[in-house]
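Following the hints, complete the assembly by docking chain B onto the known chain A.
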Amino acid sequence: MQLKINGVTKEIDVEPGMPLLWVLRDELNMTGTKYGCGVSSCGACSVMLDGVAARTCTLPVKAAEGKAITTIEGIGSAGALSAVQQAWVDHQVPQCGYCQSGMIIAAEALLDANPEPTDADIDESITNICRCGTYQRIREAIHTAAKLRKEAPNLLGSL
Amino acid sequence: MTDKKTKKGSMKRRAFLITGGLLGGGVVVGIGGLTYVNKKIKQYTATGFEGEMMNAWVSVTPDNVITLAVPRAEMGQGVSTSVPMLIAEELEVDLDQIRTIHPQPESPYANTQLITGAPRDLSRGITLQEKVAQFVPVVGTGGSTTITDGWEAMRMVGAQAREMFVSAAAARWEVPKADCYVQSGSVYHKGSGRNATYGELVDEAKNFASDDLVQLKDEKDFKLIGTSAKRLDIPEKVTGEASYGLDVRPEGIRYAVIKHPSVTGGEILSVSNEEEVLAMKGVEKVALIPQGVAIIADNTWRARNASLVIEVEEDHKGNDKIDDEYINDLLDEAIHGDAIATHEDVGDVSAVFTDQKTNVEGVYGVPYLAHATMEPLNCTIRLNEDKSADVWVGHQAPSVAVQSIAKVLGIPKANVKIHIQYLGGGFGRRAENDVTYKAAEVAKQMPGVPIQLVFTREEDMTNDMYRPGAKSKMSAVVDPDGTIRAWDSRVAIQSVMQSSMSRIMPMMAPKPKDDVSTTEGLIHLPYLIPNKRVAFGDVPLPMAVGFWRSVGNSQNAFFSECFMDECAHAASQDPYLFRKTKMSDHPRYEAVLDRVAEMSDWGNTPEGSFHGMAILKSFGSIVAQVAQISRVGEKSFSIDKYYCAVDCGRTVHPDTIKSQMEGGIIFGLSAALYGEITFSNGSVQQQNFPQYDMVRMKVSPVTEVSILDVDAYPGGVGEPGTPPAAPALCNAIFAASGDRVRQLPLIKLGYEFV
Chain A
287 MQLKINGVTK EIDVEPGMPL LWVLRDELNM TGTKYGCGVS SCGACSVMLD
337 GVAARTCTLP VKAAEGKAIT TIEGIGSAGA LSAVQQAWVD HQVPQCGYCQ
387 SGMIIAAEAL LDANPEPTDA DIDESITNIC RCGTYQRIRE AIHTAAKLRK
437 EAPNLLGSL
Chain B
105 MTDKKTKKGS MKRRAFLITG GLLGGGVVVG IGGLTYVNKK IKQYTATGFE
155 GEMMNAWVSV TPDNVITLAV PRAEMGQGVS TSVPMLIAEE LEVDLDQIRT
205 IHPQPESPYA NTQLITGAPR DLSRGITLQE KVAQFVPVVG TGGSTTITDG
255 WEAMRMVGAQ AREMFVSAAA ARWEVPKADC YVQSGSVYHK GSGRNATYGE
305 LVDEAKNFAS DDLVQLKDEK DFKLIGTSAK RLDIPEKVTG EASYGLDVRP
355 EGIRYAVIKH PSVTGGEILS VSNEEEVLAM KGVEKVALIP QGVAIIADNT
405 WRARNASLVI EVEEDHKGND KIDDEYINDL LDEAIHGDAI ATHEDVGDVS
455 AVFTDQKTNV EGVYGVPYLA HATMEPLNCT IRLNEDKSAD VWVGHQAPSV
505 AVQSIAKVLG IPKANVKIHI QYLGGGFGRR AENDVTYKAA EVAKQMPGVP
555 IQLVFTREED MTNDMYRPGA KSKMSAVVDP DGTIRAWDSR VAIQSVMQSS
605 MSRIMPMMAP KPKDDVSTTE GLIHLPYLIP NKRVAFGDVP LPMAVGFWRS
655 VGNSQNAFFS ECFMDECAHA ASQDPYLFRK TKMSDHPRYE AVLDRVAEMS
705 DWGNTPEGSF HGMAILKSFG SIVAQVAQIS RVGEKSFSID KYYCAVDCGR
755 TVHPDTIKSQ MEGGIIFGLS AALYGEITFS NGSVQQQNFP QYDMVRMKVS
805 PVTEVSILDV DAYPGGVGEP GTPPAAPALC NAIFAASGDR VRQLPLIKLG
855 YEFV
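Residue numbers (my numbering), protein chains in the order written: chain A, 287 to 445; chain B, 105 to 858.
The hints are all genuine.
Cβ-Cβ distance ranges computed for the label pairs, FRET-style:
#1 B:Asp843 - A:Gly352: 49 to 59 angstroms
#2 A:Val338 - B:Pro794: 18 to 28 angstroms
#3 A:Thr295 - B:Ala383: 28 to 38 angstroms
#4 B:Ser366 - A:Leu314: 28 to 38 angstroms
#5 A:Lys433 - B:Ser347: 24 to 34 angstroms
#6 B:Ser288 - A:Lys433: 26 to 36 angstroms
#7 B:Glu417 - A:Val338: 40 to 50 angstroms
List of simulated lysine-lysine pairs, DSS-like, C-alpha gap at most 27 angstroms:
#8 B:Lys802 - A:Lys436
#9 B:Lys739 - B:Lys577
#10 B:Lys739 - B:Lys802
#11 B:Lys745 - A:Lys433
#12 B:Lys802 - A:Lys433
#13 B:Lys334 - A:Lys436
#14 B:Lys294 - B:Lys324
#15 B:Lys385 - A:Lys296
#16 B:Lys334 - A:Lys433
#17 A:Lys353 - A:Lys290
#18 A:Lys290 - B:Lys385
#19 A:Lys296 - A:Lys353
#20 B:Lys385 - A:Lys348
#21 B:Lys310 - B:Lys281
Please keep in mind that the hints were generated in silico from the structure rather than gathered at the bench.
On a predicted model such as this, the values are computed, not experimentally measured, just so you know.
Idealized CB from N, CA, C, for every residue including glycine.
If we strip away everything but chain A, and leave its shape as in the complex, we get (with noise of 0.2 angstroms):
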């Protein structure tokens, strides 16, 4: 089976149903998108599928074979942040962690679908769990994000 991630063609010889989040961190060593619950409920694993996000721990890697996968790893990286990532770190979001990788893949969904949301939509759309708690900087972050790629629309900065 062939799949497209990050741009990349990656062939894997797995049983169809195997979750996309397991052929990424186990067969790919990916381990950016992260495991949380296992039944699509903490958005820990979320990754993007042509643009949309999705869960990829109840997600069979079939379902994804042909699609474009973006994982955080596809995002931005040091010196070559995302609007969404700069303005996390501008706004100091992270604590532990663990959930922000699938926090992000969310950010930019739902900033890709609704460029300037508001904080009904924002309270609507990123059902993830923070054990943290770092809502309310995520909120921010993304209002931040979305002037950032307003005035300038490409790859940002710098760390």
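Same frame as chain A, now just chain B:
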């Protein structure tokens, strides 16, 4: 207020109770108090340092790579930035000049406050208790102690290293040390302008000794301490590069999951379908270990699938009788029967209750709670051919982890090399050694192969060391003028200290009656109450209970601060003024209370909104909160805002304090709204989210935090934000509806939050 009968000072509350009688208590045994702190790391295991060790905490290479030790666990509370700030302040280096490593859990890195219950005072030398903490050593992160324990010691190691560089420069230039100064990692000579970087000086500097006690900077000269420097861990946490325990991938890794006994305290005796399981794709081994059955496979998901079909014979050890009714009956017995200890006894409570009628009373209760760290528990171990082991884990107490692993593997502690990773949440759960010794049992099954043991979310939630369920019977006599004539509290709870310490440091496990965490948050309240008693009844239950963010304060603040609200209403007084007028002996409390009242514009609640207030000192810091809620239906509320004022003495990193308050409130609210672990036939009923749900974005309030500017010894900040959250909310619900909430969680009472 006379409190001469008080058994324990509040600073002692989290000490691991090496008693004075046994080990000499606070006796100072030598002025060489820094010997351990300052010892050259060569005698230890210098993992990760580069170049020359100036002391156990600082190394420098000739090309000026400066490495600082951060021997505390980064679990979101910011120690990977605040610890380097303390060292760098005195070392006179900038944060962008350093790299940090997590060293092996050796003596120089002991957290002595975990044993002594009090911060170190370097000027008076080392006490026997502190020496024991270093000898063991006790290297751990908990009890909100990183800053309070390290406030002097971590600055001192930076100062000692700095002095060595200054001595080397002065000798090289043949000038008096007094004519040299230090800035951004270089030594300068005032007269000539000559200068040299630490790297250029290190070969000479390493031969100079530093005094044990170097004069520390005047606090007004701080450059880093007190600033909100950008956190060092955040860049890699936004790119997915940060490595948590579950992210390590050593060559040849295998993945294991464990199936625990289905009944708490039970035992799995045998596996009845091993052949079937072994035939499943990817499964390499099925191993019965003392604590359950482990399945080792080439992929976590395959191991997990195997664990779902495995069939086992179990011995429930008689614990299948445990259910909520059984627990409730024992709690009731303990609040109505004889107390086993009285932790506060002021005045003559019995006399007042004999003469006057109790006019405020209520029985409060809280359920068992899971920690539910976002990263499920895990540990990766490779038992090497040479009888050493490599361990990759995010752990709050690496010294405890190493000990447990060495014991199972039958190798010396010195042969266990631990690679501490970021913790995806700790909250006390990662101070336990269950996952480490179980991972060691698994590692033994396939020597030479690194095996990552993970508790699936379901196994994590059903095999926690829970915050115990508790009840408290509260009674008071309140005069019409608002005087609390007498206050009586009887708490019933399993002893966390006895349970947890008997697992992780058995020699230091107290008897339940001596566990001050049972009543913390009820004793030593700041209020003028002439007759007050707080007593404790033990509950003989077999469940493993453990430290849960803010420990006893997590439930006792709910009991004490909601009951204060009841007393205020009984006297028809405003809850803020009712509290304030009883704080005349405690100006720091009063200032925090005043600040939160001012922030929230207490008394002028916006139309349709309602306020509730709570205050508690825990871990050396006073936190007051006002919850602002609005009512959207009969039992339906929106939690709109939290105002939070904190006095944690001198601040190290204000933005971290703020984020810990924000997060601490959410942590408290998740428990207040949703948190409940229940038992049926001895088994935990909640397996995953959302059965055990969390506050999410939609329900999350906006929080405004104000830090009081107080020149006093620092207090902890990781936990004190949590205790006032629940009582502030429940007092607001009373203000909105007249309904007094005495039992959590709220959703079980039919409340909804939108």
